[in-house]
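Asks: One letter stands for each residue in the lines below.
Number of protein chains: 4
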Amino acid sequence: MAEYRVGVLGATGTVGQKFIHLLRNHPWFRVTALGASERSAGKTYREATNWTESTEMPDDIAEMTVTTCEPDRMDVDFVFSGLDAAIAGDIEKAFAEAGKPVITNARVYRQHETVPLMVPEINPDHIELINEQQFDPNGRGFIVTNPNCVCIPLTMALKPIWDAFGVESVILTSMQAVSGAGYPGVPSLDILGNIVPYIGGEEEKIALEPMKLLGKLENKKITFADFPIQAAAARVPVVDGHLLSVTAKLKNYPGDIEKVKEAVRNWRSPIADLNLPSAPAEPVHLYDDPRYPQPRHHALAANGLQVGMGRLRESKVLDIAFTALGHNTIRGAAGCSILNAELLHARGYLKR
Amino acid sequence: MAEYRVGVLGATGTVGQKFIHLLRNHPWFRVTALGASERSAGKTYREATNWTESTEMPDDIAEMTVTTCEPDRMDVDFVFSGLDAAIAGDIEKAFAEAGKPVITNARVYRQHETVPLMVPEINPDHIELINEQQFDPNGRGFIVTNPNCVCIPLTMALKPIWDAFGVESVILTSMQAVSGAGYPGVPSLDILGNIVPYIGGEEEKIALEPMKLLGKLENKKITFADFPIQAAAARVPVVDGHLLSVTAKLKNYPGDIEKVKEAVRNWRSPIADLNLPSAPAEPVHLYDDPRYPQPRHHALAANGLQVGMGRLRESKVLDIAFTALGHNTIRGAAGCSILNAELLHARGYLKR
Amino acid sequence: MAEYRVGVLGATGTVGQKFIHLLRNHPWFRVTALGASERSAGKTYREATNWTESTEMPDDIAEMTVTTCEPDRMDVDFVFSGLDAAIAGDIEKAFAEAGKPVITNARVYRQHETVPLMVPEINPDHIELINEQQFDPNGRGFIVTNPNCVCIPLTMALKPIWDAFGVESVILTSMQAVSGAGYPGVPSLDILGNIVPYIGGEEEKIALEPMKLLGKLENKKITFADFPIQAAAARVPVVDGHLLSVTAKLKNYPGDIEKVKEAVRNWRSPIADLNLPSAPAEPVHLYDDPRYPQPRHHALAANGLQVGMGRLRESKVLDIAFTALGHNTIRGAAGCSILNAELLHARGYLKR
Amino acid sequence: MAEYRVGVLGATGTVGQKFIHLLRNHPWFRVTALGASERSAGKTYREATNWTESTEMPDDIAEMTVTTCEPDRMDVDFVFSGLDAAIAGDIEKAFAEAGKPVITNARVYRQHETVPLMVPEINPDHIELINEQQFDPNGRGFIVTNPNCVCIPLTMALKPIWDAFGVESVILTSMQAVSGAGYPGVPSLDILGNIVPYIGGEEEKIALEPMKLLGKLENKKITFADFPIQAAAARVPVVDGHLLSVTAKLKNYPGDIEKVKEAVRNWRSPIADLNLPSAPAEPVHLYDDPRYPQPRHHALAANGLQVGMGRLRESKVLDIAFTALGHNTIRGAAGCSILNAELLHARGYLKR
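Going down the list, the protein sequences come from chains A, B, C and D.
Numbering of the first sequence is given in the numbering used here, commencing with residue 1 and proceeding in unit increments.
Numbering of the second sequence is given in the numbering used here, commencing with residue 1001 and proceeding in unit increments.
Numbering of the third sequence is given in the numbering used here, commencing with residue 2001 and proceeding in unit increments.
Numbering of the fourth sequence is given in the numbering used here, commencing with residue 3001 and proceeding in unit increments.
Any given hint could turn out to be false.
[What the hints assert, rightly or not] Which residues of chain A face chain D? A partial, calculated answer using Cβ under 10 Å:
(1) 48
(2) 52
(3) 130
[Said to hold, decoys possible] What follows is a list of derived Cβ distance ranges for each label pair:
(4) 3282(D) - 2097(C): 27 to 37 Å
(5) 273(A) - 2097(C): 53 to 63 Å
(6) 1042(B) - 3226(D): 47 to 57 Å
(7) 3111(D) - 2273(C): 51 to 61 Å
(8) 3289(D) - 1281(B): 34 to 44 Å
(9) 226(A) - 2059(C): 34 to 44 Å
Just so you know, these hints were derived from the structure itself, not from any lab.
We put the beta carbon where it would ideally sit given N, CA and C, even for glycine.
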């Protein structure tokens, strides 16, 4: 199978580095262009980048020359974007207008009416929203986004339950890893042996994005789901892996927690048949041991793309409670973008 | 004022050490006897103890000889007990029967019908239960307990709200410090850069003990409060200070979060007038900064006896949400026992 | 190539688990027997083990029944031993006497006159000591050991320098990960946000074992190397990877640090030609960036089998200084045993 | 005794905050002016400051208005400076020229010929260098500096040994707390569960500053001490307290480590008779337990002003080895400046 030539926008940042790390052996996607700021343009990637991945920088990437993030500087079939929200809006639009599909982790277009906010295992049908996009009159360029790093594991863990019983309300406390704040991000003086019980802006996203994810595509529009999510987002001294403590009221609680466990265990991903190269065999794994999942031990399950659930139990206040864990920079960010791209290919939205 | 001669049961353990640390300059209570296991008896305290407090072991205590935990070996006016639950039952009973008041942090008698489960700022009137105790026919010996280290800050933070508006249900996630598990306690391999989302037995205590604390003393019995508490107890890489993320439904939510804040700020401790030497001027402090309180920065406020509250806000699912922080080995254990003893003195229950 | 049937002694412990983890896809060695204590014998491995590896327990291993560590219970070609030193002596001897080669990480036989203390990249020729062993009159059973987890990276980093210039004395401070103490090992209360500047017994091993490793096999005996090593061993809050800060005086310092760097970079492993499946292409890697190597980022280089060196520079007091990093439970323990086994196979010491 | 009116330069930074924290109950020095950047000037201290001390910001200080760092804006008797080196040079000179003594933790003037680099317990006689200063023609203004946060505990630990036996060379590895890098300082992604074995510029200071500290004042000049110090400076995940692993060659090693221990234990601080309010009774404490001192448990001994030594033992390579611990932001920074000011008062160098 011929490869796509892929660009990475924001290639020197932490999300950009994660894209490069995750794509280093990808069977379909080959990184051939690296976009970054004026300051980095013209340098080799090695010179321009403070590499923070644990694997070594791939040698071929290291020697590539970084360019600015302009469509005519990057001769590629499509781009992944790890740009900061502050600058992503204009740049991503420019690429889409120039006919280059943009698969982005930035939040700018997440609530745009014609942009899918997509997790392949949750709402792959939202992909059709792309047909409504007007960025590129020739219809080649478009934008697809993925949700926030808490929303992804939260909604993935809820999806089997939502499908079987409906959800009426959710209360959660998220214990979030420092890698979620990028680099330099959280100062060590704030977090060593400590917890910071507030992350600005996070709780609003957690309340909003799952509504679009679980929404229905009807008449070329998304009708949002509608239930309240009360979130408390805390930063904890963990490197990778957001752990969520969730309590939920269901529309139709079956009165027996075992039936909820069954629903989770029997749930089947809607993209299971596509055999996408990065798709985990079991997107949501329910652990029996009440001590599991734990960030340091289980965030990397299925190469960081599996969401772990644990302690699924009855709640004395609402109906059920559980924990959920997702690798925040893989499942919750760059890895989800790559899955989105694989789905786009499978559905014929990408051209070489 | 003449001093009481005080014994510490379980003196070589972590709770016992905390008693000794906190009592080192106490105006009323002087440690004059140290009880521990057969293995330690006969040694000096210095020899018998793996001291883990950060302040130095007091020199006078260091040279004292440890005895076994038997009433006739310890010539004291009363004892504090930091014994393990596994052995506390018989020993504490023996002291009470021998006419020595026992003020204990162990959990054995917390649900005993005539034993007060007491936090001075919450339910000082429960002290009268002592009059119903039958341990000592002469009426001098008795047992008083304090609650679990999560229940204390949780119930203290809820008390002003309970008084003003009533509470219907509570959902909380507790992020608990490793010192709560004693020494050696939590292995570092389990907790460095990690979270363990389960602490065996903890959630049951969190659901039960506040019911007795908030219960009413009627006809010489406690009528328990009755509302559900759904807890998720997680261990986090923090040394001292349990941080709680709480959501609650109130009996009569005033519809305005500012009124709840006022109720917390205007709440007055029922023991404020007693001027007990360890009592914090402000037992519950509500922070404005949403990043506060944090374990490393605020657990030691008011010498570790103040409970911090923060982020008091409306909940989209129940009525209100907030964070609460308490120093687990001071406010949540030995410090609360000492406050109980001070109240017992003030109420005339202790004799020299 | 036909596989060896391999047993793991101490299979439920942390070193035993590491053997099982590292051997899960080994091309030559297949784990077919699991030995542990009486308490575990008869249970499945899943039941008997508190699995602490981050990868999942292999399904086939999980269902195997654990036996006691007795030669006639384990029908294997040879065994790896991760036994505690307290019990390893008798058991390992029994296996060797029964004709089963023992490749052990335990320290009991490290200084035994006829037992090789071996790291394949350092002293593969010491393998011939086996021929002097008397454990098994039939000559099939024998014992091979690997050194302590600090001695391995220290001696590997010194080897190119030793070969080129000789070494007269070494001073080092080792900053050692908690996994080196096994499980439960280091209590979290001792090490969270802290350093413990003493590890009992460690400094003596660090001074002694490199002397045998760098010794010469002459007349069927090892003539030890002879230079002083002054070590200070500290425990630090790191999960995996011992980092050493080393200063050394050389026999013939060339007066130019660049020549020392060249010697390290041009050094060639004596087993390079054997293409052992686990052998890293570059056993010792010298980093240019003075911030590297770091435990969390580089301990797993080459699957945890590469030793990282950094900051190679002149010393104002002795001749040279550098840092060295080795993954303590892979390069410094189970991984080195597996390399030893691969070398034993290549040299014809193992039989199926 | 009447109080001095004291200004703090760089009052909103981390060193400035530490000055305010340490001076909150000082018997002689009262903070009456707060200098910071243009950006902060005009605001209250509470508004201008991201307070990171664990104690609460003193109420009276909180309401003070911050000014720019100009002598005529700050009506004080002298100033403490916690300014960044980048701007300290001009500002400190301006204050000295305006007749305001400057007691600074900044490094700019540490090697200035007429500026004492002073630790009261080490070289109080260097105070006379002030008489040679030309900053203020009226002779009231001057500058006094204290050394780097590693040099202070290192030189204090060496001083008793230097006095008794002389020192020929030193090799050390410093394991340095994150608070040494200020705020935001070290990113958590760099240091959680990790070690960074390099701190730019640090090792040069460690080699140089002790030479001036241990130098002799002769003919109104300092003749520097002259011996090599080989340092390796690493950052570790510790909040406060630099731990040093030191090996040293002595001029006249007595051949018996007990004699070195005696020299440390019998050493008497040259300022012991002055009874300075912040001076620790025992500036250097030698622990017997080989596990001590440890950063989290002992850095705050004597309010953070005592240097802990441990593991004093013979070295097989040089003569002796030991560990030393100092609280880097108290003993190693602001606390040392305050001690310098107390000595200046006692010697009559400060005027009200």
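Asks: Does the nearest C-beta of chain D fall within a distance shorter than 10 Å of the C-beta of residue 130(A)?
Replies: violated, 35 Å
Asks: 51 to 61 Å was suggested as the range; check whether the CB atoms of residue 3111(D) and residue 2273(C) agree with it.
Replies: holds, 56 Å
Asks: Indicate whether the distance between the beta carbons of residue 1042(B) and residue 3226(D) respects the range 47 to 57 Å.
Replies: Since residue 1042(B) and residue 3226(D) have Cβ atoms about 56 Å apart, the given range 47 to 57 Å holds.
Asks: Under the criterion of a CB-CB separation shorter than 10 Å, is residue 52(A) in contact with chain D as hinted?
Replies: holds, 6 Å
Asks: Quick check on a hinted range of 34 to 44 Å for residue 226(A) and residue 2059(C), using CB atoms only.
Replies: About 43 Å separates the Cβ atoms of residue 226(A) and residue 2059(C), which means 34 to 44 Å holds.
Asks: Verify the CB-CB distance for residue 3289(D) and residue 1281(B) against the hinted window 34 to 44 Å.
Replies: Taking Cβ atoms as reference, residue 3289(D) and residue 1281(B) lie about 38 Å apart, which means the hint holds.
Asks: Does the interface hint hold: is residue 48(A) within less than 10 Å of chain D, judged Cβ to Cβ?
Replies: Residue 48(A) check fails; min Cβ-Cβ to chain D is 19 Å, beyond 10 Å.
Asks: Could one say that the CB atoms of residue 3282(D) and residue 2097(C) fall in the range 27 to 37 Å?
Replies: Since the Cβ atoms of residue 3282(D) and residue 2097(C) sit about 59 Å apart, the hinted range of 27 to 37 Å is violated.
Asks: Could you tell me whether the CB distance from residue 273(A) to residue 2097(C) stays inside 53 to 63 Å?
Replies: holds, 58 Å
Of the hints listed earlier, those the structure fails to meet are numbers 1, 3 and 4, in rising order.
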